[in-house]
Amino acid sequence: MRLFAPELLHLFIPEKNTSMLGAEFLRIACLALPLSSVNYLISYILQAMGKGIHSAILTSCRQGLCNIPLLIIMNAVFGMFGMMWTQMTVEIIMLPVSLGMYFGMFRRLTGESRSRLS
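The sequence shown lines up with residues 9 to 126 when you count with my numbering.
FYI, nobody ran anything at the bench for these hints, they're computed from the structure. Check the hints yourself; a few may be wrong.
Simulated restraints, written as ranges between beta carbons of each label pair [stated by the list, open to error]:
#: 1; residue 1: L29; residue 2: G60; range: 37 to 43 Å
#: 2; residue 1: I21; residue 2: I100; range: 25 to 31 Å
#: 3; residue 1: P22; residue 2: G119; range: 58 to 64 Å
#: 4; residue 1: T26; residue 2: I80; range: 22 to 28 Å
These figures come from a predicted structure and were not determined experimentally. In this text, a Cβ means the ideal position worked out from N, Cα and C, and glycines have one as well.
Sequences and hints are given; from them, build the entire structure.
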């Protein structure tokens with residue numbers, strides 16, 4: 009997708025300058041995709057485990073505490089491209105939080121199952 013971003017965007021946006029700008033945005037968004045996939049997967053796993061509150065906390069942190077303030081700050085400091093880099097920044101910040109919550113929950117669940125067996 010990153011390699012063919014200009015051609016892909018040009019299919020939907022015929023104006024060259026706008027499609028080139030959109031292609032840059034698409035490339036930046038593609039960089040954040042692996043991290044956001046892990047973060048969302050952990051949120052969905054927590055929901056599936058019946059830990060909806062934990063999942064809601066992760067989502068609230070991602071959107072409310074990180075994404076919205078960073079959009080404002082990055083726009084003020086770096087302009088339009090700063091806003092595009094916000095997603096990558098949020099995912100980098102949230103990855104250790106998501107992993108910590110997941111592994112903490114996993115340890116608690118395995119500890120509970122061991123104590124039931126004893």
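Evaluated hints:
Distance hint check: the CB atoms of L29 and G60 are about 39 Å apart, consistent with the given range 37 to 43 Å. For I21 and I100, the Cβ-Cβ distance of about 29 Å falls inside the hinted range of 25 to 31 Å, so the restraint holds. Checked against the hint of 58 to 64 Å, the pair P22 and G119 passes, with Cβ atoms roughly 59 Å apart. In this structure the hint that T26 and I80 lie 22 to 28 Å apart at CB holds, the actual value being about 24 Å.
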